[in-house]
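A.B. asks: For reference, the chains in residue letters:
Number of protein chains: 6
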Amino acid sequence: MASKPISRYPVPDLKDLPPDMRERILAVQEKSGFVPNVFLALAHRPAEWRAFFAYHDALLEKEGGLTKAEREMIVVATSGANQCQYCVVAHGAILRIRAKNPLVADQVAINYHEADLTPRQKAMLDFALKVARESERVDEVDFAALKGHGFTDDDIWDIAAITSLFALSNRMANFTAMRPNDEFYLMGRVPR
Amino acid sequence: MASKPISRYPVPDLKDLPPDMRERILAVQEKSGFVPNVFLALAHRPAEWRAFFAYHDALLEKEGGLTKAEREMIVVATSGANQCQYCVVAHGAILRIRAKNPLVADQVAINYHEADLTPRQKAMLDFALKVARESERVDEVDFAALKGHGFTDDDIWDIAAITSLFALSNRMANFTAMRPNDEFYLMGRVPR
Amino acid sequence: MASKPISRYPVPDLKDLPPDMRERILAVQEKSGFVPNVFLALAHRPAEWRAFFAYHDALLEKEGGLTKAEREMIVVATSGANQCQYCVVAHGAILRIRAKNPLVADQVAINYHEADLTPRQKAMLDFALKVARESERVDEVDFAALKGHGFTDDDIWDIAAITSLFALSNRMANFTAMRPNDEFYLMGRVPR
Amino acid sequence: MASKPISRYPVPDLKDLPPDMRERILAVQEKSGFVPNVFLALAHRPAEWRAFFAYHDALLEKEGGLTKAEREMIVVATSGANQCQYCVVAHGAILRIRAKNPLVADQVAINYHEADLTPRQKAMLDFALKVARESERVDEVDFAALKGHGFTDDDIWDIAAITSLFALSNRMANFTAMRPNDEFYLMGRVPR
Amino acid sequence: MASKPISRYPVPDLKDLPPDMRERILAVQEKSGFVPNVFLALAHRPAEWRAFFAYHDALLEKEGGLTKAEREMIVVATSGANQCQYCVVAHGAILRIRAKNPLVADQVAINYHEADLTPRQKAMLDFALKVARESERVDEVDFAALKGHGFTDDDIWDIAAITSLFALSNRMANFTAMRPNDEFYLMGRVPR
Amino acid sequence: MASKPISRYPVPDLKDLPPDMRERILAVQEKSGFVPNVFLALAHRPAEWRAFFAYHDALLEKEGGLTKAEREMIVVATSGANQCQYCVVAHGAILRIRAKNPLVADQVAINYHEADLTPRQKAMLDFALKVARESERVDEVDFAALKGHGFTDDDIWDIAAITSLFALSNRMANFTAMRPNDEFYLMGRVPR
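Chains as they are written, first to last, in this note's numbering: chain A, 65 to 256; chain B, 65 to 256; chain C, 65 to 256; chain D, 65 to 256; chain E, 65 to 256; chain F, 65 to 256.
Heads up, some of the hints might be wrong.
If several chains are the same, the list does not tell them apart, and a pair holds so long as it fits within one copy or across any two.
[Stated by the list, open to error] Computed list of lysine-lysine pairs in DSS-like fashion (alpha-carbon distance at most 30 Å, straight line): (1) K194 <-> K211; (2) K95 <-> K132; (3) K186 <-> K211; (4) K194 <-> K95; (5) K132 <-> K211; (6) K79 <-> K194; (7) K95 <-> K68; (8) K186 <-> K126; (9) K68 <-> K194; (10) K79 <-> K186; (11) K186 <-> K132; (12) K186 <-> K68; (13) K68 <-> K211; (14) K95 <-> K211; (15) K79 <-> K164; (16) K126 <-> K68; (17) K194 <-> K164.
Because the hints were derived from the structure by calculation, they are not lab data. Nothing here was measured: the structure is a model prediction, and the numbers come from that model.
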């Protein structure tokens, strides 16, 4: 399966990339043991690549009120709704690892209402799905419901902003037919 | 109407922003005569602000196969589908100016099938709407149709990437209840 | 742009129309300064034309509990949902004039939830949209909600009947590819 | 069941109606043996009543390229899609009588694709349903398909206009909870 | 009309069927006066036929908290939503007979919200439609609502299971273009 | 996680079940190493249980033109569309094993258009999804497309019937909140 294309578009060689991009990619490879295909497929457009990962890091790597596992739940649930194969498989792996739970990613991808989540986490995903599918109807009632679960205004921004970033990401991955690395499918499913 | 809030979230004062952000905003103000509210509303989160405008410039300001008016058509048509008041009003104004056509923005926002566009432009918007609404179904038939209208692979990437960026932008604007500046409504409707 | 067809169907000359129709059209022209295309495009079928304008006048010209601006809000919001270019552009102009507000028509057409309206007006449009999209689900709860905002039974009939008439009108305009007059786009946007 | 209300709104007594309305209603009663409830329920608003029946007669009673049974097929198919109980039951009865076929109305109301119709009639209903549900997408391809089945431009107008009138009628009947007369359910099902 | 095919697939002769199937079919014919086409159309696959009717009898023929008329209401309402001609026509007939009501089947098929039902029966159909259309969202709130109307847990299972069986049945009937027997259309409409 | 309930309904003890059911369940346990929860959750209703598994075996265990892996693809793709957690997880495991492919189940569940399938298999799933979502529109064009890929009439019945059975099964699993066994998540992902 190694020979399957990872994008409809040409994928640059690591050696041909600008140094900042190559450096980041090598760091990821060092940490993960492989280069997630999103780093290569989007590298077809360096300026967009830099903006995308800057956005990604601003939301998923920073400190904040949502745990890193919760942020990945948002990614997996909304990417499932958008039928994005790359994002569900790749972020499903990250969710399993961050939540230290081998089951939760598949549950959230298929139907978060039946997943092993807290009521607070389900309320978080209710809101994420509303932003993903009918953001024009977000209103003060939604904010009140989330605050009733203890979310702050900044947590709510995080939920909406992560959902919005993956609204972009899901469409780019679907449009390019971005292929998840085989490695992701098993990550976090078996004790290390 | 001047006192209506422009976002559900606090909006920083220009003087409190980091210099790079303030500088960019002052340049826009210089050019446009006012500061579009998106620059202020998103400034609540500087790191995300920087990523957003880097992405925006990479797609909307660069040279490329699509005219600048065509790029705005993509923004207006998909933002209409997402019922994003800020993006339809603000980018509608920009479209009127870039297309030098006072009618086309309202037409595209309501129903691009009946707008004063070329068949090539309608094919471009057919694809943009597909990426906006059901990107999981994009396939080789779509690429062939676009190439039949003379679009290159890189033009097609531009159509999809602009659509994807505004999938993000529409959701952020809707979620924050971002208010379009009053100035946009009339821009490009009367000869200067 | 003057030469663009205003309908897929033949449009009769004013001089060939029956006297009652010609008289009405000349009166409109006298008042507005131009003949709105709906008067000409529908004149292809005189009997239907007479019934349509009789219905129109019975709902939009009479006295009643809804202001004339509110009635136009109903037209613009439901015509936006039905993506009717003629009705959004033409009645958007009338709404701007009747509400003496240059912004409200675009706001209502794109997303009335974020428009500069009163809660009572938003409740009116919630109901109009329900009649437009899923009238089979209208029930006593809807009536109670409207009465809580001070609407009478006859006001509620007006909301539903205006919505219903434009369910007809939007489909006729879309089917005939009825073109809005250029004049409408700017009406009510600049102080006279 | 005689005591069930036929509308959410007050229904005027025949004797209190203006002479022209009373005369028409008595004529219908004479011909049908009963007064269809739509004549009474809509009489709450005389001016709208007159416009409605003028529109109705202009489309359903005139001579034309579509048979009267075909016009009723359009009413029944689109009213089924709009879940309008009054229109499906009442016009289903008329369709059975005009088509001299006791089965076709139920078939068309549930799923016209499987009804005992000609390919030409199914094409007619394909177009009617498109006008009912997504009129903003009607285009030249639709016209060409209908002409391939022998429909003229004026036949096509009739299909669209009947669909549009019942877009109005279905919403009014649903909104007022208009009750079909018991007599309709059995009409045309048994040989006279 | 007798010669219209009752299925896209070959229909076995009664004499060629295994004895258990033939016996059941003859018993139905004895009782009803004709053989409902579902018994013949599904007989193309004997093992599936046996499972289908075993399932059917387990839900529709047993004793239980729902009346037999109520079970048929579930069938008719959900089959209407799935546009299944065979099931609406055939079970509409059975509903008329079991409810001893010549009107209720057409009402339920078109729009149960406006049918002559009790609030308890409407709550039952609200739940059935939710299971038919978005079963992934069934939750404890639904159970509480039904219990508020006096339904037991086992009644609720019956509602969901009948809905589920006809989710299967509607798809099989639609896929095979199964034709309702002419006899069904009139059954239960006239006093015997 | 062992203590999570596997159904909203009481689950019978194996020892309390009728002998035929217990025997079947023990045989499955013997073969799989555990008892899939569907056998226990549905045992709340023995008569329905027997009908369900008879139907299941008639379609999934028999010989036929579709491979056993292909039948599981149908189950996984349609269960994904219906957001059925039990069926996607359990049949995803079976698909991985039958296809000897650790990746294909997740791909098919999320978006079969981008899965590692043959064009013939994608045509099979196009049809299955049409039966799952809009069976009322199945027509001769669908049959012709499938035959162009070499499917026989009996293969097509199999595709539709498996889809229909899981239309039932998905709704029962969703309604009962049926929980997939933890064992399924990892099955078929690692070489034995």
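A.B. asks: Evaluate K79 and K164 at a C-alpha cut-off of 30 Å and name the case that applies: within, between, both or neither.
C.D. replies: Neither: 35 Å inside a chain and 36 Å across chains, both beyond 30 Å.
A.B. asks: When Cα atoms must be at most 30 Å apart, do K79 and K186 count as within-copy, between-copy, both, or neither?
C.D. replies: neither (44 Å within a copy, 37 Å between copies)
A.B. asks: Checking an output row: K194 and K95, CA cutoff 30 Å. Within, between, both or neither?
C.D. replies: Neither, since 34 Å and 37 Å both go past 30 Å.
A.B. asks: Have a look at K95 and K68 and pick one of within, between, both or neither, based on CA distance no larger than 30 Å.
C.D. replies: within (24 Å within a copy, 35 Å between copies)
A.B. asks: Evaluate K186 and K68 at a C-alpha cut-off of 30 Å and name the case that applies: within, between, both or neither.
C.D. replies: between (37 Å within a copy, 17 Å between copies)
A.B. asks: Should K79 paired with K194 be assigned to within, between, both, or neither, using CA atoms and 30 Å as the limit?
C.D. replies: neither (42 Å within a copy, 35 Å between copies)
A.B. asks: Could you figure out if K194 and K164 sit no more than 30 Å apart (CA to CA) within one copy, between two copies, both or neither?
C.D. replies: within (27 Å within a copy, 34 Å between copies)
A.B. asks: Go through the copies and call it for K95 and K132: within, between, both or neither, with a Cα cutoff of 30 Å.
C.D. replies: within (17 Å within a copy, 40 Å between copies)
A.B. asks: When no copy is specified for K95 and K211, does a C-alpha distance of 30 Å or less occur within a copy, between copies, both, or neither?
C.D. replies: neither (37 Å within a copy, 41 Å between copies)
A.B. asks: Using 30 Å as the alpha carbon limit, work out where K68 and K194 are close: within a copy, between copies, both or neither.
C.D. replies: between (35 Å within a copy, 25 Å between copies)
A.B. asks: For K186 and K126, with the copy left unspecified, which applies at a CA distance of at most 30 Å: within, between, both, or neither?
C.D. replies: This pair counts as within: shortest intra-copy Cα distance 22 Å, inter-copy 39 Å.
A.B. asks: Cα distance capped at 30 Å. Does K194 pair with K211 within a copy, between copies, both, or neither?
C.D. replies: Both: 16 Å inside a chain and 29 Å across chains, each within 30 Å.
In the structure shown, a violation is registered for the earlier hints numbered 4, 6, 10, 14, 15 and 16, in ascending order.
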